[in-house]
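Go ahead and model the full structure; you've got the sequences and the hints to work with.
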Amino acid sequence: MYIIQNAMQNLLRNKGRNLMMAAIIFVVIVSSVVALIINNTASGVINDYKTRFGSEVYLTVNMEKVIQESDGSSRIARPTIPAEQLLAFASSDYLLSTKMTAGGRGNSDDLKAIDEDKGPGGGPMLSMGPVPGGGGPGDSNLSSIPKTRQYYYHLFANQYDDFESGSRELTEGSRFPEKSGECLISQELLENSGLAIGDTIKINSDINDPGTGPGDETYYDIEFQLTIVGTYQDLTDEYGNSMMENAFTNRRNEIFMYIDDLASVVTEGLMGIDVNATYYLKDPDLLEAFTAELRAKGLKETFDVTTDEASYNAIVGPVVAMKGISLTFVAIVLAFGAIIVALLASLAVRERKYEIGVLRAMGMKKSRVALGLWTETITITAFCLVIGLAVGGFAAQPITNILLDQQVEAAEQAQSNSFMPQPGGSGPVAIGGGPAGPTVTAGPAPGFFGQTSAETIKSIDVAINLETILEIIVIALVLSSLAGLIAIRRITKYEPMKILMERN
Amino acid sequence: MTTILSLDNVSYAYEGTTKNVLQNMSADFETGLVYTIIGKSGAGKTTLLSLLSGLDVATDGRILVGKASLKKINRDTYRSRHVGVVFQSYNLLTNATALQNIVLSMSISHCPQKNKKAYAYALLKKIGIDRETADRKILKLSGGEQQRVAIARALAHNPAILIADEPTGNLDKETEDDILNIFARLAREEDRCIIIVTHSKRVTAIADVVYRIQDGCLTAENG
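Chains as they are written, first to last, in my numbering: chain Y, 302 to 805; chain X, 98 to 320.
Mixed in with the good hints there might be a few duds.
Distance condition first, Cα-Cα at most 25 Å in a straight line; then the derived SDA-like pairs of lysine to any residue [claimed, not checked]: (1) X:Lys213 x Y:Lys799; (2) X:Lys214 x Y:Arg314; (3) X:Lys237 x X:Ser204; (4) X:Lys169 x Y:Glu796; (5) X:Lys211 x Y:Ile305; (6) Y:Lys480 x Y:Asp463; (7) X:Lys213 x Y:Thr676; (8) Y:Lys799 x X:Asp157; (9) Y:Lys654 x X:Ser239; (10) Y:Lys666 x X:Glu127; (11) Y:Lys799 x X:Lys211; (12) X:Lys169 x Y:Arg669; (13) Y:Lys666 x X:Asn212; (14) X:Lys211 x Y:Met302; (15) Y:Lys351 x Y:Ile703; (16) X:Lys168 x X:Glu127; (17) Y:Lys654 x X:Gln185; (18) Y:Lys794 x X:Ser239.
If you are wondering where the hints come from, they were derived from the structure by calculation, not from laboratory data.
Below is the structure:
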């Protein structure tokens, strides 16, 4: 107890020296607080975005590999992933969730399509996106397509984005298909066809083997028996942004089915039904292991397994850079801080050699002398810690704003410099991303030339949290203990008689 | 009177040298007596004092505290509990008050007094330091006052042995007399063993036993 009392008295007795020590420790602590607040907040933001962007997996075709494996053949077939493989991939333990979607075309004698008089569309080689284009009566493509391969209805499974956005809504008593053999159609189609919820309809469709090219296709007819479990109201324009106006492109003729019904009919090499799978990893760091599992399950080497790094980098890049700066800063501050504290501790012991000699001559043990010096340092540090946390907490936000502004500016400059397309570039291309895409897809590509429309993080709110406080306390303890250790090391070298004789 | 401290063939050579500055010294120190150690400058008086006070270790021979060898007693404990040392240059904590010096010494020695401040004030008063002076910093005290504080600090933990190195060297005659009276009283009335290293004949005059150091040897001059 007397050691603490004596330490407190010493702090008051040697105000000048202790204030200087306090000032240095204060600067170290404030700098560390600001840097750690920035670092921890940035880490939180990065992890958040990493989870959101980094966990979505893209299976994209690597055209370079496809060309390499083509053996100089004039016709290069785009590789596809069979639906059964996509389903097998979904069973991976590395995945948090999987979203399987599918799209196709169909006809039905039980339905009367909206705008039936405008004719069918959706030939076999036409695009099959969620809002696909289709051939109208004047479409030159249609003239070469057999009447039996022209369609009035779009078939979708698990594609409910319009319902989530509010542009479509379920009518009262309706629900989405939950099991095989169920479907959801528009209220207008239901009424136009003179049907009621609970009625069963038959949908005809096909899948095809493209063979060696046009004219060599082999079609396989398929049939779905579906019970109408609900209807929806479409609140948008019938044709949306479609350039073609026919029954096939009319949004009221879209039929929603259960995913297994559409996906299960597709096998490797067959086209006509798009099956998409979007995989979400539990942790972005599991990508490598997940890739290995996909390869083991048969994913061809011509597919790259990636995450959306372009968007991630564009959004989080400045924050990552700022985090790097703050980390470097805290490392430098701590390194210099440690050196200065060590020097000060060493000088303090040297300066107080006489005092130490007297205390030792009075019989005070070396350990207690060191404990006294350490108590003084800890007290100064604790005092600086309280004020430093408050000051650092206030200073962190404006410093963050300045740093982030600089990084955003640098990132935008770098992005505008790299916007020019690079000649000869042939990066990964998404399956199903363009016209005439294959029927089995695995999600869209992040973007061309590494560009993305993702919005960069331009401001973050920083605040001191428990993690930062604990880190600072540990840093402060380490620094003061370092000072204490140096004091102990020096004190153990001193013999009281020598000190006092030198003084005398 | 009991023998409290003994030198048994004690020799000492400085670190890195082979020549003994103190050679085969033997002597007994008893309670209730005042001892003075005299000798020329450089004879080894202060060295002997540092050995007796446990600040240094003999290269040969034994120093006995009672019947126990000092080598077997923790020297820190010996200094803080058994012996009080008054240094020639006082060696007080200069940025502390006289009172704080005494209280700290008591704390280091784990003195049982509950009210250490009151005890320290009383001790200082006994040595001739009033309350006001006791609350002043050491640097603001005169040489005589500092010497008194040094004696009070040496006595603070109530040691049986008091060792003083030229305790009156810097003092005027009147103060010297006061200090010497204090030493004599401590020996005769409080049964302490007082060992004083000195050049002063006035100090030697109050001694019961005078030892002289010459050529590294210790010899008794009178008793």
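Right, here's what the structure says about each hint:
1. X:Lys213 x Y:Lys799: 30 Å, violated
2. X:Lys214 x Y:Arg314: 19 Å, holds
3. X:Lys237 x X:Ser204: Since the Cα atoms of Lys237 of chain X and Ser204 of chain X sit roughly 24 Å apart, the hinted pair holds (cutoff 25 Å).
4. X:Lys169 x Y:Glu796: Holds, because 19 Å separates the two Cα atoms, which is no more than 25 Å.
5. X:Lys211 x Y:Ile305: 18 Å, holds
6. Y:Lys480 x Y:Asp463: 21 Å, holds
7. X:Lys213 x Y:Thr676: 22 Å, holds
8. Y:Lys799 x X:Asp157: Answer holds: Lys799 of chain Y to Asp157 of chain X is near 20 Å, not above 25 Å.
9. Y:Lys654 x X:Ser239: With Cα atoms ~24 Å apart, Lys654 of chain Y and Ser239 of chain X stay inside 25 Å; holds.
10. Y:Lys666 x X:Glu127: 28 Å, violated
11. Y:Lys799 x X:Lys211: 34 Å, violated
12. X:Lys169 x Y:Arg669: 21 Å, holds
13. Y:Lys666 x X:Asn212: With Cα atoms ~23 Å apart, Lys666 of chain Y and Asn212 of chain X stay inside 25 Å; holds.
14. X:Lys211 x Y:Met302: 14 Å, holds
15. Y:Lys351 x Y:Ile703: 24 Å, holds
16. X:Lys168 x X:Glu127: 20 Å, holds
17. Y:Lys654 x X:Gln185: 18 Å, holds
18. Y:Lys794 x X:Ser239: 33 Å, violated
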